[in-house]
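Using the sequences plus the hints, can you model the full thing?
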Amino acid sequence: MIGLLHQILSGLVTGGIYASVALALVMIYQSTHHVNFAQGEMATFSTYIALALIEAGLPYWGAFLATVMISFVMGAVIQIVLMRPMANAPVLSSVGVFIGLLLVFNSITGWIFSYTIKSFPSPFEASRPLLGGFLSPHELGATVVTLAVLVAVYLFFRHTKLGLAMRAAAFNPVSSRLVGIRVGHMLALGWGLAAALGAVAGMMIAPVVFLDPNMMAGILLYAFAGALLGGIDNPAGAVIGGFAVGVIENLGGAYVVGTELKLSLALFTIVAVLVFRPNGLFGRVLVTRV
Amino acid sequence: MNARSRRRPVVLMAAALLFAGPSGVAVAEDMPGVTATSIKIGQTEAYSGNASAYGAIGRTLTALFKSVNEAGGVNGRKIDFISVDDGYIPPRTVEQTRRLVEEEGVSFMFNALGTPTNTAVQKYLNMKKVPQLFVATGADKWGDYQRYPWTIGYQPSYRTEAQVYAKYILKTAKAPKIAILFQNDDFGKDYVLGIKDVLGSQYDTLVVKAVSYESTDPTIDSQIVTLQSSGADTLVIAAIPKMAAQAIRKVYDIGWHPLEFVSDVSVSVGAVIKPAGVEKAVGLITGLYGKDATDPAWANDPGMNEWRAFMKANMPDADLTDANYVYGYGVGLTLLQVLKQCGNDLSRANIMKQATNLKDLEIPTLLPGIKVNTSPTNYHPIRQLQLARWNGKTWERFGEVISGAGS
Numbered sequence: 302m303i304g305l306l307h308q309i310l311s312g313l314v315t316g317g318i319y320a321s322v323a324l325a326l327v328m329i330y331q332s333t334h335h336v337n338f339a340q341g342e343m344a345t346f347s348t349y350i351a352l353a354l355i356e357a358g359l360p361y362w363g364a365f366l367a368t369v370m371i372s373f374v375m376g377a378v379i380q381i382v383l384m385r386p387m388a389n390a391p392v393l394s395s396v397g398v399f400i401g402l403l404l405v406f407n408s409i410t411g412w413i414f415s416y417t418i419k420s421f422p423s424p425f426e427a428s429r430p431l432l433g434g435f436l437s438p439h440e441l442g443a444t445v446v447t448l449a450v451l452v453a454v455y456l457f458f459r460h461t462k463l464g465l466a467m468r469a470a471a472f473n474p475v476s477s478r479l480v481g482i483r484v485g486h487m488l489a490l491g492w493g494l495a496a497a498l499g500a501v502a503g504m505m506i507a508p509v510v511f512l513d514p515n516m517m518a519g520i521l522l523y524a525f526a527g528a529l530l531g532g533i534d535n536p537a538g539a540v541i542g543g544f545a546v547g548v549i550e551n552l553g554g555a556y557v558v559g560t561e562l563k564l565s566l567a568l569f570t571i572v573a574v575l576v577f578r579p580n581g582l583f584g585r586v587l588v589t590r591v
Numbered sequence: 473m474n475a476r477s478r479r480r481p482v483v484l485m486a487a488a489l490l491f492a493g494p495s496g497v498a499v500a501e502d503m504p505g506v507t508a509t510s511i512k513i514g515q516t517e518a519y520s521g522n523a524s525a526y527g528a529i530g531r532t533l534t535a536l537f538k539s540v541n542e543a544g545g546v547n548g549r550k551i552d553f554i555s556v557d558d559g560y561i562p563p564r565t566v567e568q569t570r571r572l573v574e575e576e577g578v579s580f581m582f583n584a585l586g587t588p589t590n591t592a593v594q595k596y597l598n599m600k601k602v603p604q605l606f607v608a609t610g611a612d613k614w615g616d617y618q619r620y621p622w623t624i625g626y627q628p629s630y631r632t633e634a635q636v637y638a639k640y641i642l643k644t645a646k647a648p649k650i651a652i653l654f655q656n657d658d659f660g661k662d663y664v665l666g667i668k669d670v671l672g673s674q675y676d677t678l679v680v681k682a683v684s685y686e687s688t689d690p691t692i693d694s695q696i697v698t699l700q701s702s703g704a705d706t707l708v709i710a711a712i713p714k715m716a717a718q719a720i721r722k723v724y725d726i727g728w729h730p731l732e733f734v735s736d737v738s739v740s741v742g743a744v745i746k747p748a749g750v751e752k753a754v755g756l757i758t759g760l761y762g763k764d765a766t767d768p769a770w771a772n773d774p775g776m777n778e779w780r781a782f783m784k785a786n787m788p789d790a791d792l793t794d795a796n797y798v799y800g801y802g803v804g805l806t807l808l809q810v811l812k813q814c815g816n817d818l819s820r821a822n823i824m825k826q827a828t829n830l831k832d833l834e835i836p837t838l839l840p841g842i843k844v845n846t847s848p849t850n851y852h853p854i855r856q857l858q859l860a861r862w863n864g865k866t867w868e869r870f871g872e873v874i875s876g877a878g879s
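Those protein sequence lines, which keep their order, are chains A and B. The end of the first sequence is residue 591 by our numbering, with every number in the run present. The end of the second sequence is residue 879 by our numbering, with every number in the run present.
Since the hints were made in silico from the structure, they are not lab data. Quantities reported herein were computed from a predicted structural model and do not represent experimental measurements. Where is the CB? At the ideal position from N, CA and C, for every residue including glycine. There's no promise every hint is true.
Derived list of chain B stretches under chain A, where covered just means 3 residues or more per stretch with a C-beta under 8 Å from a C-beta of chain A [stated by the list, open to error]: (1) 514-523; (2) 696-702.
Over 10 Å on every C-beta distance to chain A, these chain B residues come out as not near it, computed from the model [what the hints assert, rightly or not]: (3) P504; (4) R571; (5) S684.
DEER-style ranges, computed between Cβ atoms [claimed, not checked]: (6) V754/B / E426/A: 16 to 24 Å; (7) G358/A / A508/B: 48 to 56 Å; (8) W362/A / V754/B: 27 to 35 Å; (9) V750/B / G304/A: 25 to 33 Å; (10) D789/B / P438/A: 31 to 39 Å.
Structure (C-alpha cells):
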C-alpha cells in the first residue's frame, strides 16, 4: 500500500516534468496552430545557456531571467527567419522544418557544450528530503513553478488583449488581418513565448534528469501524450494531462504492463485519445464554418 | 574424399605465396587499409546520444594515436584513426561501419562502443573477415570465438562482474534479499545471468525483484520505488551513467540503505558520482580492473603519472576524474602492442592472430596483478576484478583480485 502511494507520488513528480513541456507545446499550438517537434531541443539549448551563465558567475535567478529573455528572442528570430517564408506552405513543409530544427539544435548543443552528462543547480535545494524522500524540495518547487506558469498563461490568453489577438491570429489569420491584428508579429511573439516557456521547463527538469543534449528526447514524447490527453488547445488540460501521464506510466509500469511497455503505454495513450476524443479530455470541439 | 585432393589446395596456396613474393601489389591485396607508411583503423563511438559520456574514450584514442604518430608511428607506420559518431543507435552503426570498411577501406575496426551497436555489425564484420578488435562493451558474448572468430572483447564481461558481486553477497549475508535494476538489452541481462550463475537454484528465493528500464526512459524513479517496496536489502544497478546517477541519488533520497552495487560501466566519478552527489554515493560497491584517477594510492604511481603526462600534453582541458580517459588510454596501449607484434605483416589474419596472442601484457593503467591475456581459445582479455567501495572521495579497493570464470 505504501508502495502504491509512493508510485503515485513519484508519478506526479515525473508528471510535473511532462506538464511543463506540455505547456510549452500548448503555447505554440495556441499561437500558431502547429506542434513544434523541436520544442524539446530548443529548451535543452536554453538550459545550457543558463548553465553557461551560472558558471560565468551570475546568480541563479539572474541567469534564469536572462535565459528566459534570450530564449524569447531566439524563438522569435526562428519564426521570422525560418517560419515566415513558410507561411503559405503546406503543413507537411512546416513539419519538415520542425524536424530539421530538432536535428540542428541537437547537434549544435552537443557540439558547443559537449555530450557529457552535467548536473544542473536547483534554486530550491535543501538538505532534507520531504515526505520520506519521495518528494525533494526541488520537485515541489518545480511543480509550483509549473503551476504558476500555467496560471500566467491562462490569464494571458483569457484576459489580455494581446492574448486574444494571438489566439485570433492563429485561429483565422485572414479575418485577424482585416480587423487590424499584425498577424506576423503575433506569430513571432507566440514562438518567442513558447521558447521562453520551454526554457523554464528545461531549467526545472535538468536538476532531476541531469543535463545532456538528449535530455528532452524521451520527455517530449510523454509531454505530447500529456498535451493530447488533456487537449492541446487547453493549458490547464495539458498540465493535468501531463500529471496524469506520469501517474499512468508509473502505475502501469509497476503493476500492469511491466517496465518494458512503459513507453508503449504513452504511445497507446496518444492513439487512444486521438481515436476516442480527438480534442482531448478537456479540449473544445473545433467547428469551422466552410 | 582422398588425401590427395585435400592436400591440393595447400599446395596451390604455397605456390601462390612463392610466386606472389613480397611484391607491392600482393601486399596491397592482402593488407587492406595498409600502405608502406600508414594503417587505417576505424571506430564507431557514441559522441552523441544517451551514451555520449563515453565519447571521451574516442577522443582519448584520437589524441593517443596522434601523439604516437608524432613520435614516428608503429613500425614506421602512422595510424590513420577514423572515429565516427553513431549516436549509440545501431542502424547508424551499421551505416557508419559499412562506410568505414567499404569506402574508407579500414584495416580493421577497433574499440567500437556499445553492446547493441556492436551486435548490429558483428555478423557483417565476421562475414567480411574484418577484425572487430577490443570492443568497448563487457557483454559476455564477445568471447564467442567459435561462432565469431573475428570479434574479441576487452574488459571483464558483465557476466563475470555479476558473478563476482554475487559471490561477495553470498559471503557477507546469510539470507540476502537481492533487487536488480537492469537495462533491457544484452548489457543489462548479462548481470541477471551472472547472478543466476552463482545463485543457481537459489535465484528465485534470493532475488526478490528484478526490473528493467529502457535507455530512452526519462527517469527510473518508478523502478527504484518498486525495488524498494519489494523489501530488498541488496541492490545491483546494471545501468549506463545517466540512469546509474539517477538511481544512486533516488535510493539515497528515499532513505533506502541497501548494500548497493553499481556496474563497472558507471564508475566514472565525473560522469556518474558527481552528478548523483558524492555524499549520496557513499558505500556504493563496484568491481574495478583499472586504476581510478581519484584514488590517492595512485598519486605517485608511475603508470598513472605516464597517463597524467599524456593527458596534460594532449588533452589539457579534460576532466581528470572521468575514468573514460583512463580506459581509452589503456585500451589504446593494448592495440599498440598488437600492432607491434604484427611487425610488417598487417594482414587481417595476422592482426587477429596477434590480438589473440597477448601474454601477460601489463598496462600501466590496470590494477596491480591484473594482466591482459588472450589465446586462440580465450577471447576475454581481462578476466580479473577487485572490489572497491566509494568512500565519499574515491574508490577504496578492498579484498583480493578475484578471477571470474570468463566463460
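**Message:** Taking 31 to 39 Å as the stated bounds, is the beta-carbon spacing between D789/B and P438/A within them?
**Reply:** Hint holds: Cβ distance 34 Å, inside 31 to 39 Å.
**Closest CB of chain A to the CB of P504/B still more than 10 Å away** = About 32 Å separates P504/B from the closest Cβ of chain A, which puts it past 10 Å; holds.
**Request:** Count the residues of the region 514-523 of chain B whose CB lies closer than 8 Å to any CB of chain A, then report whether that count reaches three.
**Result:** Since three or more residues must qualify, the claim that chain A covers the region 514-523 of chain B holds, with 5 doing so at under 8 Å.
**Message:** Taking 25 to 33 Å as the stated bounds, is the beta-carbon spacing between V750/B and G304/A within them?
**Reply:** 29 Å, holds
**Message:** Can you tell me whether the CB distance of W362/A to V754/B sits inside 27 to 35 Å?
**Reply:** Since W362/A and V754/B have Cβ atoms about 32 Å apart, the given range 27 to 35 Å holds.
**Message:** Taking 16 to 24 Å as the stated bounds, is the beta-carbon spacing between V754/B and E426/A within them?
**Reply:** 19 Å, holds
**Request:** Count the residues of the region 696-702 of chain B whose CB lies closer than 8 Å to any CB of chain A, then report whether that count reaches three.
**Result:** This one holds; 4 residues, not fewer than the three required, reach chain A with a Cβ under 8 Å.
**Message:** Quick check for students: does the CB of R571/B sit more than 10 Å from each CB in chain A?
**Reply:** The claim holds: R571/B sits with its nearest Cβ about 18 Å from chain A, beyond 10 Å.
**Request:** Please test the hint of 48 to 56 Å on the beta carbon pair from G358/A and A508/B.
**Result:** 55 Å, holds
**Asked** Checking the smallest CB distance to chain A, is S684/B really beyond 10 Å?
**Response** 5 Å, violated
Figure legend: structure checked against the earlier numbered hints; the only hint not met is number 5.
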